[in-house]
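Chemist: Sequence:
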Amino acid sequence: MLSLMGLLVLPYDTLIPEVAKITFKGSASTFGYISGFIGLGAVSGTILLASLKRNDKLRFYLILSTAALGLGLILFSQSTNFYWAMLFVVFTGFGSVMQLTSCNIIVQSEAAPHMKGRAISILLTAIFGMLPLGSLVTGYASEHRK
Numbered sequence: 000m001l002s003l004m005g006l007l008v009l010p011y012d013t014l015i016p017e018v019a020k021i022t023f024k025g026s027a028s029t030f031g032y033i034s035g036f037i038g039l040g041a042v043s044g045t046i047l048l049a050s051l052k053r054n055d056k057l058r059f060y061l062i063l064s065t066a067a068l069g070l071g072l073i074l075f076s077q078s079t080n081f082y083w084a085m086l087f088v089v090f091t092g093f094g095s096v097m098q099l100t101s102c103n104i105i106v107q108s109e110a111a112p113h114m115k116g117r118a119i120s121i122l123l124t125a126i127f128g129m130l131p132l133g134s135l136v137t138g139y140a141s142e143h144r145k
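Going by numbering that gives the first Met the number 0, the residue at position 19 of the sequence shown is 18; the numbering climbs one at a time, nothing skipped.
Please note that a few of the clues may not be correct.
[Unchecked claim] Simulated DEER-style distance windows between Cβ atoms:
no., residue 1, residue 2, range
1, Ser26, Pro112, 49 to 55 Å
2, Met0, Ala140, 17 to 23 Å
3, Lys115, Leu86, 33 to 39 Å
Everything labelled a hint here was simulated from the structure, so no lab data went into it. Quick reminder that beta carbons are idealized off the backbone N, C-alpha and C, glycines included.
Put together the whole structure using the sequences plus the hints.
Modeler: Printed below as a string of structure tokens:
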């Protein structure tokens, strides 16, 4: 799941500068606001995860965060109002951090102690190994859109 997210969903940040420039007719400050609101959502997700008790329905939060990330990106992509778009990117930041961290916690808590290092290395390779490829796919798709 995380490999597909790293390939097809998480490289959305590759397009944020163009969205700020073309959709919102903005500048570097517009990009800064978008990035800041993504960060606000990410911090919110981190605080929520930190407040959970050990093994407190992590799979539910994983599904919730995946839905928040997808819904946030869909609504952001269709938004032409800057203020609404900032609300939607908060959900995007929230969902992306919650998803990655929930998966990390699940893998670390369920892996055998002698296999934790290997499990985490596979998890991180699945996520961060696919991001550069996803950025290439995203860039190609944005150049060839109609």
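Chemist: State for each hint whether it applies.
Modeler: Going down the list of hints, with the structure as the test:
1. The given range of 49 to 55 Å is respected by serine 26 and proline 112, whose C-beta atoms sit roughly 51 Å from each other.
2. For methionine 0 paired with alanine 140, a C-beta distance near 21 Å keeps the hint of 17 to 23 Å intact.
3. Evaluation of the 33 to 39 Å hint for lysine 115 and leucine 86 yields a pass: the beta carbon distance comes to about 38 Å.
The structure meets every hint from the earlier list without exception.
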